[in-house]
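Per the numbering used here, residue 599 is the first one in the sequence shown, and the count goes up by one each step.
The hints are all genuine.
Cut-off 27 Å, straight-line C-alpha distance, at most; resulting in silico cross-link-like pairs (DSSO-like, lysine-lysine): (1) Lys798 to Lys627; (2) Lys969 to Lys998; (3) Lys969 to Lys800; (4) Lys969 to Lys798; (5) Lys969 to Lys627; (6) Lys800 to Lys627; (7) Lys647 to Lys627; (8) Lys627 to Lys801; (9) Lys969 to Lys801.
Keep in mind the hints are simulated off the structure, nothing from the lab.
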Amino acid sequence: MAVTIDDLPNEILAQIFTYLDRPAPSDSKLHDQPSSLMLQNPFFDRDLKNVSVITKLWRAAVLPLLFRHVVWTIDRFELPLIEETRDPAATIDFLRFLRDNNLTNYVTTVTMFVEDALGGVATSHLASSVELMETGHANKASYSEDYNWLWRTLFEHVDPVRLSIIASPRVLAQLLSRMLFLGDAWNFDMPQHILSLSRKSKKVVTSKYKSKATASSSKNAPSPENPHQKRVPCDLFTIRPWQSLLLNEGSSTRVYKTYEYYLKRPPSMLGALLGAEEFPNDEPLIAPSIRDFSYVGIFPLSSHFNTLVQHVPRLDRLFVQLVPRNDILQDADEMRNIDIADLWMERNTSYSMLFRELFDPDPDSPWLELKTFESGDAADREAWEMAVQFVQFSGVQGWKVESEGVFVREGNESGPILGMSQLPGQLRRWAFNGVATLPVSSAMLYMGNGGPVPFAGMTTFVTAWVAYPIV
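Could you put the whole structure together from the sequences, leaning on the hints where they help?
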């Protein structure tokens, strides 16, 4: 008797269709330049969607695969209207579809793309308080809308291991109920940033974590400094035991076209995440469960990057990427009126700030707890060769070269980090994305009259490492 594919059990049919599955676009693109089109791929394989329209049986087998990775596109002005409904979950189309088709348990990642119909121009009527510059433009906006209803609605119905938000800096500030500096925003032209929270697997939320989330909601109280200011908590960071956070702020190259670019300040949520700014950004949003932090910014100003350096939380792993992976440096229009040397000088300075803290930390510094430092950029070849010579001939114990751009430390005991500080650091891996010759040498940071300049007890080759794209 002949057996057709339709005679197979649903479980076997579903297993067959998994071979047509592909990774989510967000798996590989969260480090790219943020844009409204970044998750769209005209060449994306549509095999699973084609299978879903063949028969009802095949559709039932394929739907759990099709909706493992959800992209939700919504305009920010729709959110208040959704909140006013009695059942927000029924108003959100993708949640209603998932519920109606019993697919909520299959969702692995959710990516929110929050559109801004006004392009982020209008601010005063949306922010609880706005300070204006003499020109009449907004200097800063503080948002006190409570969007915890949104996070509760989402996570009552789906349990993703990763939630990513692609939105303008203003919309991010609004969703997180925080203040955003706007005085120099036009100099940067940053249409979208990416905030992504993730964990390794779907774990049961413990009662301890539930109590934390509940407690944070009760902190909606006036600030003691100003009884008229209200601190609105953001339960997004405690609603799940997130382990990793990524912030991608995209390119800052446009600011280098302006006069005294180094005095400018970008519109950014970095300070709010770290609790490094004025009220209500003076309390960190990052939960203690997050031990892996990734920062991506294309040629950020060193003064801005220093916010991360000086206020880094206690982490096991830090990843940074400061140089583009695409061909932006070969784009004549993008590079017009920019002195390329300025870009690399800011990169050199950013890395030197980071390494001063990493290799010569204070006794109570969070840098002492860092186990892994990784960069998505390549190291300066000249600095790398000096670093290798130092490790080989200085008597530093336990460190070895694993590959070009990568140092590792053998053994599990804590000890001085490459000899610069005698404090017991936890660093085990110090890795760049290979080695390359930089367009602008970083040697000026560590070479003096005929030789290396001493810094904190050793040559400062580590402060000269800088990024270069590996394509």
